[in-house]
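Chemist: Assemble the whole structure, with the sequences as input and the hints as a guide.
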Amino acid sequence: MKYSSDKDINHLVRGLVADGCVYKPCKKHGKLYSGAGYLITIVPCTPSDKRALKNFLARLRQRGYALHTCLTNPAQTNKQPNF
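Read in order, the letters of the sequence shown are residues 0 to 82 in numbering that gives the first Met the number 0.
Hints are supplied without guarantee of correctness; some may be wrong.
To be verified - Quick list of the computed label-pair ranges, beta carbon to beta carbon:
id	residue 1	residue 2	range
1	Asp48	Gly19	25 to 31 Å
2	Gly19	Arg58	15 to 21 Å
3	Gly19	Lys49	17 to 23 Å
4	Lys26	Asp48	15 to 21 Å
Claimed, not checked - EDC-like, lysine to aspartate or glutamate: derived pairs with alpha carbons at most 16 Å apart:
id	residue 1	residue 2
5	Lys6	Asp48
6	Lys49	Asp7
7	Lys27	Asp5
8	Lys53	Asp7
9	Lys49	Asp5
10	Lys53	Asp5
Since the hints were derived computationally from the structure, they do not count as laboratory data. As the structure is a prediction and not an experimental result, all values here were calculated from the model. Even glycine gets a Cβ: it sits at the ideal position worked out from N, Cα and C.
Modeler: Have a look at this one:
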């Protein structure tokens, strides 16, 4: 399922849903609920602001979600740095 047109937000929401959160689509924005049924945040479906990802991450942190995930491709995180 596609949650947002922004690939980073889509990847992040996909991970949260895999961890037990529930996504409910609405008219213009989807809503992300915790497993207990509490509203976590609104998911921007078609963000036009360049700070949309940072604002989304800030809202998640304000709700108590500590995000230790990298938003890049997981296959790239195992590469050794070039010195």
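Chemist: Is it true that Lys26 and Asp48 lie within 15 to 21 Å of each other by Cβ?
Modeler: 19 Å, holds
Chemist: Measure nothing beyond the straight line between the CA atoms of Lys6 and Asp48; if it is 16 Å or shorter, mark the hint as holding.
Modeler: Since the Cα atoms of Lys6 and Asp48 sit roughly 14 Å apart, the hinted pair holds (cutoff 16 Å).
Chemist: Within 16 Å, alpha carbon to alpha carbon, are Lys49 and Asp5?
Modeler: Cα-Cα ~10 Å, so holds.
Chemist: Using the C-beta atoms of Asp48 and Gly19, is the stated range 25 to 31 Å upheld?
Modeler: Distance hint for Asp48, Gly19 holds at roughly 28 Å.
Chemist: If you draw a straight line from the CA of Lys53 to the CA of Asp5, is it 16 Å or shorter?
Modeler: 12 Å, holds
Chemist: Verify the proposed pairing of Lys27 with Asp5, using a straight-line Cα cut of 16 Å.
Modeler: 15 Å, holds
Chemist: Does 15 to 21 Å hold as the CB distance between Gly19 and Arg58, or does it fail?
Modeler: Once the Cβ atoms are compared, 18 Å apart, the range 15 to 21 Å for Arg58 and Gly19 holds.
Chemist: CA of Lys53 to CA of Asp7, is that 16 Å or under?
Modeler: Cα-Cα ~10 Å, so holds.
Chemist: Taking 16 Å as the top limit, are the C-alpha atoms of Lys49 and Asp7 close enough?
Modeler: Distance ~12 Å between Lys49 and Asp7 Cα, so the pair holds.
Chemist: The hint says 17 to 23 Å between Gly19 and Lys49; measuring C-beta to C-beta, is that right?
Modeler: 30 Å, violated
The structure fails hint 3 only (numbered hints given earlier).
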